[in-house]
Amino acid sequence: MDVSSLACKIKRKRSNERDDACSCKRSLNDLPDAMLKLILSLLKTKCAVRTSVLCKRWQYMWTSLPNLDFNDRERMVQEQGASSEKRKLFMDFVDRVLIFHDAPKIHKFTLSCGASDDMSHMIHIRRWISAAVRLKPQEVNIVIYNARVSDQRLLPYCLFSCEATEVMGLQGDFRLILPSRTCLPHLRILILSGLTFKDHRPLNLLFGGPALEELVMQDCEWEGGKSEVNISAPKLKKLTIEETHELYRPTEHASKSVTISSPEVEIFHYEGGLLKSYHFHCPSSITDATLESHDCLPIEDLHIDHLSEVLTALQSVECLQLGSYFVKALTHASVPVFKNLIRLDLSEDQVDLSSKELEKMLNQCPRLETLTFLGGISTDYCARRLLSSNLTCLSSTLKRISISYFNGNTSELFAVQFLLWKGTCLEKMDIYCYEGGDAPKEIGLFLSACHRSSETCELYVG
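Start counting the sequence shown at 1; every next residue gets the next number (UniProt numbering).
Among the hints, erroneous ones may be present.
The following label-pair restraints were derived from C-beta to C-beta distances [what the hints assert, rightly or not]:
{"hint": "1", "residue 1": "T456", "residue 2": "H186", "range": "47 to 53 Å"}
{"hint": "2", "residue 1": "T63", "residue 2": "K339", "range": "56 to 62 Å"}
{"hint": "3", "residue 1": "K356", "residue 2": "S316", "range": "21 to 27 Å"}
Derived pair list, reagent style DSS-like, types lysine-lysine, alpha-carbon separation capped at 30 Å [to be verified]:
{"hint": "4", "residue 1": "K108", "residue 2": "K44"}
{"hint": "5", "residue 1": "K256", "residue 2": "K237"}
{"hint": "6", "residue 1": "K108", "residue 2": "K235"}
{"hint": "7", "residue 1": "K360", "residue 2": "K328"}
{"hint": "8", "residue 1": "K136", "residue 2": "K44"}
{"hint": "9", "residue 1": "K226", "residue 2": "K256"}
{"hint": "10", "residue 1": "K360", "residue 2": "K339"}
{"hint": "11", "residue 1": "K105", "residue 2": "K46"}
Hints listed in this document are in silico derivations from the structure and should not be mistaken for laboratory results.
Backbone N, C-alpha and C define an ideal beta-carbon position, used for all residues, glycine too.
Input sequences plus hints: build the corresponding full structure.
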């Protein structure tokens with residue numbers, strides 16, 4: 001190929017690319033405004049605003065976006081901090097968008113930014129949120145970091161009287177200062193993360209919302225001495241509480257209590273050390289529960305009475321996920337009869353099949369059908385202790401066993417052999433090996449040759 005023909009080929013290629021670009025531009029311009037606005041709504045707000053330079057038709061298209069997303073965190077992480085000049089650019093951008101936005105209402109408002117000691121910056125944050133509330137958002141997500149548990153009121157009171165809001169997420173290291181009265185009649189989902197609660201009385205009003213269906217509290221602080229929080233939302237279905245931060249300051253929470261009086265709670269997930277006392281006034285509705293404590297206190301520091309009260313409240317559940325830490329604590333705890341429990345998941349760490357605590361728990365589950373060892377299984381090297389254990393569910397109701405993080409050592413293999421021997425009703429056993437390669441195949445061959453009391457039991461090793 002000579003130089004002239006190569007030049008012609010490149011010229012044709014560039015011409016085709018220009019034609020394709022023009023065709024694409026014409027195709028976009030041929031779309032109706034409603035479709036263009038839908039496309040813009042899928043972009044980040046910053047990118048959507050930039051489309052105003054494409055052509056005259058697009059100049060003000062962004063001013064009626066249904067979703068407003070202002071996120072300064074990504075830039076701060078990339079640049080390892082925000083200079084005052086860069087912060088001012090972000091503030092000016094948010095101001096401009098909110099001033100020129102002309103839609104009567106929006107679907108979603110998201111603000112993620114850092115706080116500073118500058119009072120004018122805090123005023124800006126409150127002003128942005130107030131402007132967004134006037135647009136009647138259905139969903140509000142606010143993340144404010146580096147606030148250093150500010151004594152200032154970062155959130156305007158109008159945020160808690162927005163009748164259109166159905167979903168609200170608040171996250172940050174600041175005090176949640178609430179008005180004496182809240183009015184969120186359509187709020188269905190409330191997620192609070194990392195906040196500090198200063199006064200529990202207005203918080204009780206927030207937790208009693210007439211439409212609230214899901215409440216999530218993740219690592220929130222509770223200031224002051226004695227506090228009594230009451231969760232009473234009449235339509236609450238799912239409650240999630242994570243309190244792992246409390247494990248580092250156990251003495252600060254002994255005088256705090258949480259009362260759950262919502263009559264329709266079906267799902268209760270808890271992670272922490274049960275340092276507060278939890279009281280359930282309507283426990284019979286809960287069908288699915290989780291109790292875990294990944295960063296656990298020494299067993300002797302656990303409030304056994306708190307654990308006993310929670311277990312008693314959960315005695316009607318059908319599915320229960322119980323962390324190995326709480327299994328070990330069952331020695332002194334009162335364990336009720338779980339008359340409806342058909343599935344038990346044991347999580348976090350390996351569970352000793354020969355432990356008296358596990359035997360105590362399993363013998364209180366007369367209808368148990370599925371037993372899952374999410375953190376693995378083991379047994380001590382005293383065969384007499386395991387063989388003398390009385391696990392009644394193995395010979396009466398248990399149909400399926402699942403074991404994860406299986407290494408195939410002597411202790412684990414002995415535990416599985418015991419389950420196959422005692423499981424007269426077993427229909428399926430699934431074993432998921434920690435390592436790949438040939439290990440699953442070798443373990444499978446060994447266990448396939450072991451005695452099974454249930455002739456219909458299927459064994460899977462993978």
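The hints, checked one at a time:
no. : hint                    : result
1   : T456 x H186: 47 to 53 Å : holds (52 Å)
2   : T63 x K339: 56 to 62 Å  : holds (60 Å)
3   : K356 x S316: 21 to 27 Å : holds (25 Å)
4   : K108 x K44              : holds (12 Å)
5   : K256 x K237             : holds (24 Å)
6   : K108 x K235             : holds (23 Å)
7   : K360 x K328             : holds (11 Å)
8   : K136 x K44              : holds (20 Å)
9   : K226 x K256             : holds (5 Å)
10  : K360 x K339             : holds (14 Å)
11  : K105 x K46              : holds (19 Å)
Violation of the numbered hints given earlier is absent; every hint is satisfied by the structure.
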